[in-house]
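*Asks:* Using the sequences plus the hints, can you model the full thing?
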Amino acid sequence: MRRGWFGRLVMWGVRIVFAVILAFPFYWMLITTFKRNTDLNNLENNPFLFNERPTLEHLRLLFHETMFPRWVLNTAFAGLVVVIITLLLAVPAAYALARLTGNWGAQLGIGVFLTYLIPPTLLFIPLSKVVALLGLQDSLWSIIIVYPSFTIPFSTWLLMGFFKSIPKDLDDAAMVDGLTRWGAFVKLMIPMSLSGILTVVIFSFTLVTQEFVYALTFIASAAHQTVGVGVPTFLVRGDVYYWGSLMAACLITSVPIGILYNLFLDRFIEGFTVGAVK
Amino acid sequence: MRRQRWLGPAMFMPAILYIVALVGVPFFMAFFYSLTDAKVGSTTYHFVGLHNFVDVLRNPTFRRSLQNSFVFTICSQILVLIGANILALALKDAFPGRRFLRFLILLPWVAPVSIGSLGWKWILDSLYSVISWVGVQLHIFHKFDTPMWLGEPKLAMMSVILVHTWHMLPFATVIILAGLTAIPKDIPEAAAVDGAGFFRTLFQITIPMMLPIINVAVLFGAIFTFTDMTVIYILTRGGPYDTTQVIPSEAFFTGVLGSDLAEGATISIFLVPLLVVAAYFMLRTAHRAEVT
Amino acid sequence: MAVVETRNLTKIFKRGNVGAVNNVDLQSREGEFLVLLGPSGSGKTTLLRMIAGLEEPTSGEILIGGRVVNDLTPRERGIAMVFQSYALYPHLTVYNNIVFPLKAQGVPKAKQKTQAEWAASLLGIQHLFGRKPRELSGGERQRVALARAIVREPSLFLLDEPLSNLDAKLRASAREELEQFQKRIGTTAIYVTHDQVEAMAMGDRIVVMSQGVVRQIGTPADVYDEPADTFVATFLGSPPMNILAADDVLVGFRPEHFLPPGFAGRAGENVAFQFRITHSEYLGAERILYGLIEGGAFGGRKAISRIPSTHAEGLDDGGVSTFHVAESDLKFFDPATERRTTPRRIATP
Numbered sequence: 001m002r003r004g005w006f007g008r009l010v011m012w013g014v015r016i017v018f019a020v021i022l023a024f025p026f027y028w029m030l031i032t033t034f035k036r037n038t039d040l041n042n043l044e045n046n047p048f049l050f051n052e053r054p055t056l057e058h059l060r061l062l063f064h065e066t067m068f069p070r071w072v073l074n075t076a077f078a079g080l081v082v083v084i085i086t087l088l089l090a091v092p093a094a095y096a097l098a099r100l101t102g103n104w105g106a107q108l109g110i111g112v113f114l115t116y117l118i119p120p121t122l123l124f125i126p127l128s129k130v131v132a133l134l135g136l137q138d139s140l141w142s143i144i145i146v147y148p149s150f151t152i153p154f155s156t157w158l159l160m161g162f163f164k165s166i167p168k169d170l171d172d173a174a175m176v177d178g179l180t181r182w183g184a185f186v187k188l189m190i191p192m193s194l195s196g197i198l199t200v201v202i203f204s205f206t207l208v209t210q211e212f213v214y215a216l217t218f219i220a221s222a223a224h225q226t227v228g229v230g231v232p233t234f235l236v237r238g239d240v241y242y243w244g245s246l247m248a249a250c251l252i253t254s255v256p257i258g259i260l261y262n263l264f265l266d267r268f269i270e271g272f273t274v275g276a277v278k
Numbered sequence: 279m280r281r282q283r284w285l286g287p288a289m290f291m292p293a294i295l296y297i298v299a300l301v302g303v304p305f306f307m308a309f310f311y312s313l314t315d316a317k318v319g320s321t322t323y324h325f326v327g328l329h330n331f332v333d334v335l336r337n338p339t340f341r342r343s344l345q346n347s348f349v350f351t352i353c354s355q356i357l358v359l360i361g362a363n364i365l366a367l368a369l370k371d372a373f374p375g376r377r378f379l380r381f382l383i384l385l386p387w388v389a390p391v392s393i394g395s396l397g398w399k400w401i402l403d404s405l406y407s408v409i410s411w412v413g414v415q416l417h418i419f420h421k422f423d424t425p426m427w428l429g430e431p432k433l434a435m436m437s438v439i440l441v442h443t444w445h446m447l448p449f450a451t452v453i454i455l456a457g458l459t460a461i462p463k464d465i466p467e468a469a470a471v472d473g474a475g476f477f478r479t480l481f482q483i484t485i486p487m488m489l490p491i492i493n494v495a496v497l498f499g500a501i502f503t504f505t506d507m508t509v510i511y512i513l514t515r516g517g518p519y520d521t522t523q524v525i526p527s528e529a530f531f532t533g534v535l536g537s538d539l540a541e542g543a544t545i546s547i548f549l550v551p552l553l554v555v556a557a558y559f560m561l562r563t564a565h566r567a568e569v570t
Numbered sequence: 571m572a573v574v575e576t577r578n579l580t581k582i583f584k585r586g587n588v589g590a591v592n593n594v595d596l597q598s599r600e601g602e603f604l605v606l607l608g609p610s611g612s613g614k615t616t617l618l619r620m621i622a623g624l625e626e627p628t629s630g631e632i633l634i635g636g637r638v639v640n641d642l643t644p645r646e647r648g649i650a651m652v653f654q655s656y657a658l659y660p661h662l663t664v665y666n667n668i669v670f671p672l673k674a675q676g677v678p679k680a681k682q683k684t685q686a687e688w689a690a691s692l693l694g695i696q697h698l699f700g701r702k703p704r705e706l707s708g709g710e711r712q713r714v715a716l717a718r719a720i721v722r723e724p725s726l727f728l729l730d731e732p733l734s735n736l737d738a739k740l741r742a743s744a745r746e747e748l749e750q751f752q753k754r755i756g757t758t759a760i761y762v763t764h765d766q767v768e769a770m771a772m773g774d775r776i777v778v779m780s781q782g783v784v785r786q787i788g789t790p791a792d793v794y795d796e797p798a799d800t801f802v803a804t805f806l807g808s809p810p811m812n813i814l815a816a817d818d819v820l821v822g823f824r825p826e827h828f829l830p831p832g833f834a835g836r837a838g839e840n841v842a843f844q845f846r847i848t849h850s851e852y853l854g855a856e857r858i859l860y861g862l863i864e865g866g867a868f869g870g871r872k873a874i875s876r877i878p879s880t881h882a883e884g885l886d887d888g889g890v891s892t893f894h895v896a897e898s899d900l901k902f903f904d905p906a907t908e909r910r911t912t913p914r915r916i917a918t919p
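Chains as they are written, first to last, in my numbering: chain D, 1 to 278; chain G, 279 to 570; chain X, 571 to 919.
I should point out that these hints are in silico values taken from the structure, not numbers from a laboratory.
Here the structure is a predicted model, which is why all the values come from computation and not from measurement.
Accuracy of the hints is not assured; some may be wrong.
What the hints assert, rightly or not - Straight line, CA to CA, 25 Å or less: simulated PhoX-like cross-link-like pairs of lysine-lysine:
(1) X:Lys-753 x X:Lys-739
(2) X:Lys-683 x X:Lys-702
(3) G:Lys-432 x G:Lys-421
(4) D:Lys-164 x D:Lys-187
(5) D:Lys-187 x D:Lys-168
(6) X:Lys-673 x X:Lys-683
(7) G:Lys-317 x D:Lys-129
(8) G:Lys-370 x X:Lys-584
(9) G:Lys-463 x G:Lys-370
(10) X:Lys-702 x X:Lys-679
(11) G:Lys-463 x X:Lys-584
(12) X:Lys-702 x X:Lys-673
(13) G:Lys-463 x X:Lys-673
(14) G:Lys-463 x X:Lys-702
(15) X:Lys-702 x X:Lys-681
Said to hold, decoys possible - Away from chain G, derived, C-beta distances all over 12 Å, residues of chain X:
(16) Trp-688
(17) Ala-742
(18) Leu-853
(19) Asp-886
Stated by the list, open to error - Which bits of chain G does chain D cover? Going by a derived footprint, with three or more residues having C-beta under 8 Å, they are:
(20) 366-379
(21) 538-550
All C-beta atoms, glycine included, are put in the ideal place defined by N, C-alpha and C.
*Replies:* Given below as structure tokens:
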């Protein structure tokens, strides 16, 4: 539709202002990462500029003298195991709820999704007791066991939508052609919904990297922490903030996760808006 | 076909059991603990009835947290809603660089919130804040008397609200954008031919048509905000003097750091009413989706 | 004065591509029902949307009531449009849908009401005022869309395939009703369709379009009986006109003019063809015969004949008969340009 130059100008103004405000902290992380401490701590300096030569010292410190690499590995490992658990449980459940159970399957599916809304801040106190009973306190395994409690509901919900979008005729044709129901699921449905499964993999993984409350509650020692908790709590020694290294850690953690998440975001949003977009 | 009867349940039961064990059971344990005097270290406990609730309600810190929770949630959701609607309108049409701009705009949501908040902690630093520096350059602030963004009660509340708004805005924007693009192209065109200008189309056609999806955005936004403590934990730890303490963080400090399981659980129970309301609206939306 | 005029109007969506609409010159007459007819992708909807102001022309001019409106927004053009989907506002009641254009113009409340009642009474939908669009049938929705379009008495009415969402049975009656309605209110209408039956039945004049170009403008009889080129000849009519290639000319004749022995056609001279029927379709009232011409300049060419079933006796598959076409029913086209060319005598066996 026609829109005058004024309208276009306003649109671009809005876009740019929002983009600058929203992305500013990440730009700030980038700048801080490469600035010398003497530059950072001099109030006379223009903080937007490099007043002294850039340095890689903060990165060196981060990788050699902190547990940051350890936290990255912890997070990756926890993410991997959580993804496996999520897939093993959510994929069959989503198929069953989408196909094998009639109307009450759909109701159950909504019920499963609703559990995603129950926040960690309501459950962390009793769960800390459960974790203690299982003997997992202060272990990475505590969060590995707990995280699927929110990745499974959302993944099941997303995958249900996926399976429902595959025509029922295909299952029927496969079974007429001699496959069992289970065979149709394994040989036909799983390969056909690979993109949905990939979405679930990415989401479960990013949700693990983003979680804060459970990791903070269950894990006490620095060695077992994830990035999300380790950087803001253990990288600070006493009251001393090593802003250069901190911001380096923030940047290194957030941008790759951001890119990964961004690639699959549309599917994620579909999960939230089922029924409301018509 | 006889085999199907157990195949379905066999496929979904493991997931359901997992969720029941790690969501359902703790959910009821929270209620249970709220009626006892359980502590972190001890294994014995006694029933104390509603004693914890009475205690909590008498506690001025808790009342303060409850109030803060509402201020925090309502203020940030209003800001998010206004910002997200404007931003979604600006992102709707195709324009060069749209994908990249979308990536930048989404970063606050997709990056781990604890990490993003830490970035803000640096930006709002009491001494080296870049905002203060700009203020000094513009002669808004005096050089050695810059605002303590996270150290003064009112400013601290404002800061956590704004940082949380920053975090939630992209999420609401993409949801509203989904609603906006779901409106058939014909409708705004018909409005244009019928003589409606930009604002009439926006307020009488577009926004009313998007109401269901705006509801979804508000619903999730309110839940995520009311139950979240990450931004506040990182930026202020509830301080100064509990002026930014909210229910989730108060529950954390009492139940986990203070080792008082029972009282912590009691505090977190106050999140439940909101969740029930949210669940009700969710079910209604889902139900409507099935009817139409 | 023409209500709508386009001068050299062109729309190119993607630079370097062929235009969706190319150099269209069009003039509508006062009170006329003008139909834009063409297959999908012919540019007819784009042309309509440019007139409405929903699409910006790449070049050329649009005039409404003698005034160049290129730079006016849709709301400033004083037109009404009925969309293919009807584009009813789903959250507003029928009444509020109908008065929406009046509200946008700032018409006083009382006047809104009388106008809405007038428009609704013309279409017999007053009883639907309180309903929402989703509670209406297809036919009712169409009427509401029409009422919304006429309510502010526009000088021009644009309709984009408004019947295509109705089922076949309803479509015939809606077509007639719409035509009567336009005659009664006397507003100039431009109507886009890909359905030749609709175009023939409703149009005062038809603009036949293909690939963004106007092929012919004329009354239904003009475009059917005197097609300007082979595209118009084959696009209109079902089955389409037979077009047979001789050495330096294309000869066309309608299947219903290709008649078996003993079937008197038009007076005047006839041209005879030996026609071998390969197969036939029985369609109740009529029969369609498919076959090959034998001998002469057109030997081996395919042709189709359409005759009333009552005259089909003795015309069996495999048989050869002498079919004839009145000379005045033969249309000649230039094989290079595919446009009409001068009639000539053709040799027959």
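*Asks:* Hint by hint, note whether the structure agrees.
*Replies:* Each hint tested on the structure:
1. X:Lys-753 x X:Lys-739: holds, 22 Å
2. X:Lys-683 x X:Lys-702: holds, 18 Å
3. G:Lys-432 x G:Lys-421: holds, 21 Å
4. D:Lys-164 x D:Lys-187: The hint holds at about 17 Å.
5. D:Lys-187 x D:Lys-168: holds, 15 Å
6. X:Lys-673 x X:Lys-683: holds, 11 Å
7. G:Lys-317 x D:Lys-129: The hint holds at about 10 Å.
8. G:Lys-370 x X:Lys-584: holds, 20 Å
9. G:Lys-463 x G:Lys-370: Given that 25 Å is the threshold and the Cα spacing comes to 12 Å, the pair holds.
10. X:Lys-702 x X:Lys-679: holds, 21 Å
11. G:Lys-463 x X:Lys-584: holds, 20 Å
12. X:Lys-702 x X:Lys-673: holds, 18 Å
13. G:Lys-463 x X:Lys-673: Holds, at roughly 21 Å.
14. G:Lys-463 x X:Lys-702: Distance of about 20 Å is within 25 Å: holds.
15. X:Lys-702 x X:Lys-681: With a Cα-Cα distance of about 22 Å, the restraint between Lys-702 of chain X and Lys-681 of chain X holds, given a limit of 25 Å.
16. Trp-688: With a cut-off of 12 Å, Trp-688 of chain X remains clear of chain G, as the shortest Cβ separation is near 17 Å.
17. Ala-742: Since the minimum Cβ distance to chain G is about 25 Å, Ala-742 of chain X lies beyond 12 Å and the statement holds.
18. Leu-853: holds, 37 Å
19. Asp-886: holds, 53 Å
20. 366-379: holds (count 6)
21. 538-550: n = 7 at 8 Å, threshold three: holds.
In the structure shown, no violation is registered for any of the earlier numbered hints.
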